[in-house]
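Enquirer: Throw the hints in and build the complete structure from the sequences for me.
Chains as they are written, first to last, in my numbering: chain A, 74 to 385; chain R, 74 to 385; chain X, 74 to 385; chain C, 74 to 385.
There could be a bad hint or two in this list.
One copy or two, it doesn't matter: identical chains are merged, so the pair holds either way.
[Stated by the list, open to error] With a Cα cut of at most 20 Å, we get these calculated EDC-like pairs of lysine to aspartate or glutamate:
#, residue 1, residue 2
1, K166, E214
2, K243, E233
3, K350, E363
4, K366, E162
5, K177, E233
6, K132, E120
7, K366, E212
8, K350, E262
9, K243, E94
10, K132, E158
11, K211, E233
12, K107, E120
13, K211, E236
14, K350, E360
15, K366, E145
16, K166, E374
17, K211, E94
18, K366, E115
19, K132, D314
Derived by calculation from the structure, the hints in this document are not laboratory data. As the structure is a prediction and not an experimental result, all values here were calculated from the model.
There are 4 protein chains.
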Amino acid sequence: MNIQHSFSHTDLALELKDELEESLEEQQAFDGIKIQQERIGERGLQETVIEIDSEEGEKQLGKPRGIYVTLEGENMAGNDGSFHEEMSECLAKRLQSLLSGKRKLLFIGLGNGEVTPDALGPLVIKNLFITRHLTGWKEIEGCPAVAALAPGVMAQTGMETGEIVEGIVKKIHPDALVVIDALAAKSSERLNRTIQISNTGIAPGSGVGNHRNEITEKTMGIPVIAIGVPTVISIPSLACDIMEAFCASQGEGMEDIFCSWPEKEKYHFLGEILGEKLWELFVTPKEIDEAVKRISYTLSEGINQFVAGRIF
Amino acid sequence: MNIQHSFSHTDLALELKDELEESLEEQQAFDGIKIQQERIGERGLQETVIEIDSEEGEKQLGKPRGIYVTLEGENMAGNDGSFHEEMSECLAKRLQSLLSGKRKLLFIGLGNGEVTPDALGPLVIKNLFITRHLTGWKEIEGCPAVAALAPGVMAQTGMETGEIVEGIVKKIHPDALVVIDALAAKSSERLNRTIQISNTGIAPGSGVGNHRNEITEKTMGIPVIAIGVPTVISIPSLACDIMEAFCASQGEGMEDIFCSWPEKEKYHFLGEILGEKLWELFVTPKEIDEAVKRISYTLSEGINQFVAGRIF
Amino acid sequence: MNIQHSFSHTDLALELKDELEESLEEQQAFDGIKIQQERIGERGLQETVIEIDSEEGEKQLGKPRGIYVTLEGENMAGNDGSFHEEMSECLAKRLQSLLSGKRKLLFIGLGNGEVTPDALGPLVIKNLFITRHLTGWKEIEGCPAVAALAPGVMAQTGMETGEIVEGIVKKIHPDALVVIDALAAKSSERLNRTIQISNTGIAPGSGVGNHRNEITEKTMGIPVIAIGVPTVISIPSLACDIMEAFCASQGEGMEDIFCSWPEKEKYHFLGEILGEKLWELFVTPKEIDEAVKRISYTLSEGINQFVAGRIF
Amino acid sequence: MNIQHSFSHTDLALELKDELEESLEEQQAFDGIKIQQERIGERGLQETVIEIDSEEGEKQLGKPRGIYVTLEGENMAGNDGSFHEEMSECLAKRLQSLLSGKRKLLFIGLGNGEVTPDALGPLVIKNLFITRHLTGWKEIEGCPAVAALAPGVMAQTGMETGEIVEGIVKKIHPDALVVIDALAAKSSERLNRTIQISNTGIAPGSGVGNHRNEITEKTMGIPVIAIGVPTVISIPSLACDIMEAFCASQGEGMEDIFCSWPEKEKYHFLGEILGEKLWELFVTPKEIDEAVKRISYTLSEGINQFVAGRIF
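Expert: Put into structure tokens, the structure is as follows:
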């Protein structure tokens, strides 16, 4: 998920669903995947809930089973304050339902605070209301107690983030973990204006058998909620866009070569022809500093509202 | 040059020269362009001096006339301290010859300090030895007096950087201006390990007739030395790399379609098929924070050595 | 005003007024000084307007003639969001009346962004809505156009801030200047919870005949509004507090030695016995990072409201 | 030690020793305290080794038993590069002898990175060569493997730093811990130019029976080396300086009241008359940003030299 380790062409369940939808023949169904969509408020905010509840669903979507909520808004990159308020409120409500009954919360801001699009997690942590040290994990007026850390990335610490978090979890015993992270998206339209909330934690290369770097209920022993916002476009997605533009420009004959292939094949093919060097790069908008500042504020507002019980 | 405004596929005269070289038939010559190359020291440091001295040369290379010195080193991205020292010394010597006799120097760090690869200029400014306020522009023990500013980018200030700089130049009357900036390169091999020093200042879109944003001797009334290091790859270059990999993978027939075209045509074509959206993105390595910190230190060391007259 | 250059025991006209009040015999009056106080809203916000309109008043208060508005609130250091909103609104209204008819505004954040209590000005600038580059100084929907800069301090630039600002003012011709700065206060009670707004600009050591460092209508040629918040306690004030505590503890005989002296004499005396070294120090609360972040947000909110015409 | 929690008038064993020396009658001895002093190199660098090896010594000096090495240099606040090199080398040698045979090292940068004088620890961590993730705790060419973290302060995390560190130590099992911290000194002469290295770890309020916040061999189960540099003056020390200046100015009679008292009595008395409010403040030089940047670089250089085995 973390831009340091992302190899997927998208971290958004929503975009994987869209691809799957396109590739399905008529009459075919999503096996083991439930989808619900809803418009919220008056400013074009849309909520999509994707639930994967079987191995079949995991395979189809390439994501571990669990709930993936996506909040999307057209105007999010802009300065419209009231739109951000609506987004914050939505996030607060979702956290309330996913963290119901949890009273000792540890928030972890993943990512490298020194690389602008990866600084989202650390920036959110800076604006949370921290209370655990005031009460020693006891609730204050019915509100859960909050601890938080932005541990940095492996190149800065020499440790897997999972090691740091596990050590702390075993020492202070929170009820639940909330990790905040920057994601990679396929479409630049979704950058900085989409929030994904899931109860699956963080599991890069899931299914590959490498659990060293997982931050999940399995490795931590407590529920792990992940909040993510795409701030970078993956190189494979950008390459795919470029290829499609090219093939389209070359007329009919060419279209068969690339555009008509199934998504999975496209990415597999690009993986083959592009060297490893490209995986060490990332793509992000020139005004990423403003966007990350704004969206980190929206997230911390939503979390603070949830913690304070100010949900309307 | 500034990543906010870069539209060219490379800011390096060296890469433009390489392209030109490839496209020239045997026996053809670079008209109005002189080139000199030299190995320096024992660690593989290479210096290339490109001098454009006529309108013909300007047209061929697409750069205004003047001297472009490029220092390149294979090991620069690494942690080899002694290599960085060699680079700093080279920079110091070049500045001494370009700024000979100038005693009142104003250094300007261009770019957005909040966007990691664009923070190079502001970071260099932070490590300079500032002396003008101690002496009121008078030399100290034969060393030129130094003033400096990192004004930020237009989205932060509402002003063209050129406006800010011109206002200050007219108030404090330096003998020469040195601007430090992050550049875009074509090859990821050159990122963070190439220094370009030129006496042409900064002229985005040169020839286009828009001088609003120029920082050159013409607009400032004093010599302007530009020091730049590529920290991003331009989107057109990345697209070109991807296209070439694709065409190569498709066998002989395809090669004619793209790979064999002249460079200029490639970029023109890509500009046509890719939308404007892509121009709002930039591409940079995942470990850009470390790279920019290290190279900014090499630059400030070189400048400080030049100013202090510690040149060996 | 700037903590780099502050020699006064307080930058707040309000505290100077309080001292004066205490020293006046019954029946005496403030000559040339008008004072108005008002409670605003329901959360204990208090506004004091001090107007100095004659040379006599200047001498008495030790400040140049002009209007000094002070907004004070007991709860400002806390996290009470609605209180901050009230403060922002008050600031917006005051700016509206002081800047009535000015359509081209340049905001300058004074101070050193690398020293926490001095970073107030630079932090405010970071959160302003900058518009001048979008319109070229033209109003947008009736709102004034905004440019801004945080130039840094003399040790960073080698230039007087006044030189930088004057150069830019002469180049871009704004209608008015607004400078934001960290101040020194006498009482730790007022730290981070008091806003002073004046139409006198910044004139350190006023009356001393040194205008090099002034940012005033006289030096800039346009009105200069100064917004300041005390974030440090002056060393003379701290020394005075310590002395008073000591003398009080020593019983009656001692009280005559220090406590009963007039304020001016106390500071003069402390200036004599304390070495210059002490003037190179500053005193600030341990949680200054949180306080400065919060109050900078309150200021930028107020300014943004004023600019957008959202005043209620 | 940390400026957030400092209640002592000095964290330097050296200054406690000086006070003790002054108060001892002729012929009296330091019981349980060994002292050695040595000049190093040609630039006025002085090393003092204080060893407390009995309960008697602990009581006399008010510090837990162990070794306290102090490196002092007159020119450290200045820009003399070669002096800093000498200091770095000295630190490297001391670390080598204190950490002999330890191959898995965890470095912790204590303090609040957002408050300039407290940012020393976090800044040092940023410049260390981190290697553990490359080798999985295995040595590289005979050099110990390095992990590091700057966890922030309790107000930011809701956790005692000791809790975070203990959790991580129990997870990754280093051989030794090195903590870097900003200290409080009595004399402004020593600010930013004195390094204290001890093998006692961090034990605020030692002897008070509160071990919650200790980072020592007792709480961590492995040796803990502490590296500290004074960046703030304690309020009690400043108060003491002011009082002494005052009493001296009042002639003979007054001197008996304060100046002639034993040090301990002075601080006890000041603690009584000054309110708690003063303990929430700190005092630091106006140019603390430059000083902390420079000294953090000296420390990270020394640590990197020690780790790389580049000791001369």
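Enquirer: Run every hint past the structure and note whether it holds.
Expert: A quick look at each hint next to the structure:
In this assembly of identical chains, the alpha carbons of K166 and E214 lie at most 20 Å apart only when taken from the same copy (19 Å versus 36 Å across copies). Taking identical chains as interchangeable, the C-alpha atoms of K243 and E233 lie at most 20 Å apart whether they share a chain (16 Å) or sit on different chains (14 Å). In this assembly of identical chains, the alpha carbons of K350 and E363 lie at most 20 Å apart only when taken from different copies (17 Å versus 28 Å within one copy). Only within a single protomer do K366 and E162 lie at most 20 Å apart by alpha-carbon distance; the minimum there is 18 Å, versus 23 Å between protomers.
In the homo-oligomer, the alpha carbons of K177 and E233 lie at most 20 Å apart only across protomers (16 Å), although the nearest pairing inside one protomer, at 24 Å, exceeds that limit. In this homomeric assembly, K132 and E120 never come within 20 Å of each other (Cα to Cα): the closest approach is 24 Å inside a single copy and 54 Å across copies. For a Cα distance limit of 20 Å, the shortest separation of K366 from E212 qualifies neither inside one copy, at 30 Å, nor across copies, at 26 Å. Taking the closest pair of Cα atoms, K350 and E262 come within 20 Å of each other only across two copies (10 Å); inside a single copy the shortest separation is 26 Å, beyond that limit.
In the homo-oligomer, the alpha carbons of K243 and E94 never lie at most 20 Å apart, since the shortest distance is 42 Å inside one protomer and 47 Å across protomers. For a Cα distance limit of 20 Å, the shortest separation of K132 from E158 qualifies neither inside one copy, at 36 Å, nor across copies, at 50 Å. In this assembly of identical chains, the alpha carbons of K211 and E233 lie at most 20 Å apart only when taken from different copies (15 Å versus 30 Å within one copy). For the identical chains of this complex, K107 and E120 are intra-copy neighbours only, at 14 Å inside a copy versus 58 Å across copies, given an alpha-carbon limit of 20 Å.
Proximity of K211 to E236 under the C-alpha cut-off of 20 Å is restricted to the inter-copy arrangement: shortest distance 17 Å between copies versus 26 Å within a copy. Taking the closest pair of Cα atoms, K350 and E360 come within 20 Å of each other only across two copies (12 Å); inside a single copy the shortest separation is 25 Å, beyond that limit. In this assembly of identical chains, K366 and E145 lie within 20 Å of each other by CA distance solely inside one copy; the values are 18 Å within and 29 Å between copies. For a Cα distance limit of 20 Å, the shortest separation of K166 from E374 inside one copy, 12 Å, qualifies, whereas the shortest one across copies, 27 Å, does not.
Taking identical chains as interchangeable, the C-alpha atoms of K211 and E94 are never at most 20 Å apart, the minima being 47 Å within one chain and 48 Å between chains. In the homo-oligomer, the alpha carbons of K366 and E115 never lie at most 20 Å apart, since the shortest distance is 24 Å inside one protomer and 32 Å across protomers. Proximity of K132 to D314 under the C-alpha cut-off of 20 Å is found in neither arrangement, the shortest distances being 25 Å within a copy and 33 Å between copies.
Violated hints, in rising order: 6, 7, 9, 10, 17, 18, 19; the structure is consistent with all others.
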